[in-house]
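These protein sequence lines map, in sequence, to chains A and B. Its first residue numbered 54, the first sequence is counted upward by one per residue in my numbering. Its first residue numbered 54, the second sequence is counted upward by one per residue in my numbering.
Just so you know, these hints were derived from the structure itself, not from any lab. Incorrect hints may appear among the rest.
[To be verified] To be clear about the criterion: a stretch of chain B counts as covered by chain A if any three or more of its residues have a C-beta under 8 angstroms from a C-beta of chain A, and this derived list gives those stretches: (1) 127–140; (2) 166–175; (3) 246–257; (4) 333–340; (5) 390–398.
Beta carbons are placed, not taken as given, at the ideal position from N, Cα and C, and that holds for glycine.
Chain residues, written in single-letter form:
Number of protein chains: 2
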Amino acid sequence: MGAATLSPGLAALEGQPVAAIDTPTLVIDLDAMERNLARMADFARTHGVRLRPHAKMHKSAALARLQMQAGAVGVCVQKTSEAEAMVAGGVRDIYISNEIISPAKLRRVAALAHELAARGGRLAIAVDSVEGIARLAAAMATNNLAPDQAPPPVHQDSEARPAAIDVFIEIDVGQGRCGLPPGPAAVALAQAINRHAPLRFAGLQAYHGRAQHLRGVAERRGAIGQAAESIERTRALIEAAGIPVGLVTGAGTGSFALETASGVWGELQAGSFLFMDADYAQNERDPAQPAFEHALFVKTQVMSVSAEHAVCDAGHKSHAIDSGLPRVHALPGQPALTYANGGDEHGLLRPTQDGGPLPALGDALWLIPGHCDPTVNLHDHLIGVRGGLAQGIVERIIRVDARGALR
Amino acid sequence: MGAATLSPGLAALEGQPVAAIDTPTLVIDLDAMERNLARMADFARTHGVRLRPHAKMHKSAALARLQMQAGAVGVCVQKTSEAEAMVAGGVRDIYISNEIISPAKLRRVAALAHELAARGGRLAIAVDSVEGIARLAAAMATNNLAPDQAPPPVHQDSEARPAAIDVFIEIDVGQGRCGLPPGPAAVALAQAINRHAPLRFAGLQAYHGRAQHLRGVAERRGAIGQAAESIERTRALIEAAGIPVGLVTGAGTGSFALETASGVWGELQAGSFLFMDADYAQNERDPAQPAFEHALFVKTQVMSVSAEHAVCDAGHKSHAIDSGLPRVHALPGQPALTYANGGDEHGLLRPTQDGGPLPALGDALWLIPGHCDPTVNLHDHLIGVRGGLAQGIVERIIRVDARGALR
């Protein structure tokens, strides 16, 4: 025991007490995470909706497999290299819920589709242009990877199936980013997809990211209601052209009960519920959604104390600040503190109330990151703790397999 | 050639044209970087001041060695694990310009000090508390690393020297973070350092981060002038107690000509000048400082185009946004575009002038990150290009050795 026995880069070893975890480090409260996992799985089961959590959040194949064991049909990712990391980690049902345009990347996408088909799994992808469909079809037709880039051989006993890829048309339902406008434009794309044998038109991608962060339930309900109307209209146009729309997939942690209640969405992509973050916790909670707990924390240490403030060793190289600064999570007996930005490697801690106590040099503190996804992406490992942050034990080290998988 | 022959994770191979670099990827314009390197080295030589650039910016041992070949005396780092990465990469003179309080980390610091001493190098560290000095001294005295954590054996012919560590007292000269207030408090710390044989009091750490980002030269001059006065006063008190103050070290890219002109600082820690970023470029330039060029770019690709905007594949998992969003760097013939935040994996591009053209699907674009340090920390490699962004060739792949080295 003791940090002197750690291999370089690891902040803790399995079996160590929480006190031995080096700082700054991302720590998962496994008990809280597993409760979040069960609550979301229960919700999906109860409401008869498929759950395909977004792995861009945790980027860990082990957590993806855990989610699938709890009933998820597979995972979403945003990037080709994330999909590759998930396949390498044993995940067999993956949806790249994003547009891929580069021919070089599309060759890798095609290789993954072939590999997953051969292993009895499947790959899906989103498109929003005829050009994107043509490039995808060209890559699926040739799949001309160099020998050293070909996927590893499949099990001898698995029967090779003709590779195919499920294709979803992204509709911009209010996010204002990728996707076609709702309406007739999607019909031509559905027809274009069906002209290419290895491509199967699978349905519509409809994610309203902005709605996730509207604070009031009523505002979110209005935004998702409009999105549902847009999708219904678009679906009707495609089906009027004789093309069935298999599935509508989307939704996030901020609003998924609304998408579910609409009856329009058949699959939920929420990811953040597993860890939660300070930003989502600011939403007025929809009583139709389960309550999720914070399960993701930065353990940090006080490295300097002055008359006015304490300084901890976690700055924005330890946690993303795009959705606000972290909140200090005071354990019983710890002072109430407010975190202010101290730059890349430091945080400034001040008493939440004037005249309140400061922590002492060397004290451990716990932060709740503002935004879980880009925070996880800064770390190679998550330290999974059982039994709470005060007295718990490191139970498992979770590798962030797709850390930095940007391409 | 072609991306299909890339090893996983690498965005390009040496010898490929710029067009083959996968996206999003951090690209270094080597010609611009080398001009920045030479300008800064010339400045330090001309003004008779030591240059110890901050490696927290590039986190690359290869670039640290390049800087030392150009005349730098060594590098600064902020973290123990950054120092370890630099030592592993052959750097022998390292200053941890930050406080380390954890006994486990201080054992690693002591091991590095022993290793560097044995190899003819040296390690230095900053302190701002008597407790920190006592902990450092305890670690230096025992250096009780487990056998599997001991540094690799030194060359047979190198003579083991008694390990020692240079210790700088950090003074808060306006940054408002770590450090003692200017004045008599530093005297007791200098005395405390000198009570421990392996510790050598080496001088004062005086870095005014806030001053770096004051936009006007006059404001920066005022801030650095006050800092200089604070340091002079503190130095006089320490020397009046019979303890020589060997060196004052500090300064950054925003203000180093001012610290130099004051005659107080003997060593400059500027790091960002090598790559520059959109934030430092907003400073009114001090004619006493060399002009630096942007040498760090995110290559990104247009993945979706709508009537209102284009979407590129670089979001804030590709570049840090703590100091503002990236600027679009239009190559000759490319449209003038403004980047808006599209989330973790996307950027929204709109014409800078109403009615201006949008780029086409698949087009490559170049971004200048807002802040170089945390942007580099998101990437495992920097792709070094020779001959410009339009027509250049990938000359070298630079590993970000200390990527994610937070502890």
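Okay, the hints, checked on the actual structure:
1. Only residues whose C-beta sits within less than 8 angstroms of a C-beta in chain A count toward coverage, and the region 127–140 of chain B has 4 of them, enough to reach three; the restraint holds.
2. Given as covered by chain A, the region 166–175 of chain B fails the check, having 0 residues with a CB less than 8 angstroms from a CB of that chain where 3 are the minimum.
3. Coverage of the region 246–257 of chain B by chain A is violated [criterion: at least 3 residues with CB-CB distance below 8 angstroms; count 0].
4. Using a Cβ-Cβ cut-off of 8 angstroms, 0 residues of the region 333–340 of chain B lie near chain A, which falls short of the minimum of three, so the contact claim is violated.
5. Given as covered by chain A, the region 390–398 of chain B passes the check, having 5 residues with a CB less than 8 angstroms from a CB of that chain where 3 are the minimum.
Consistency note: the structure conflicts with the earlier hints numbered 2, 3, 4.
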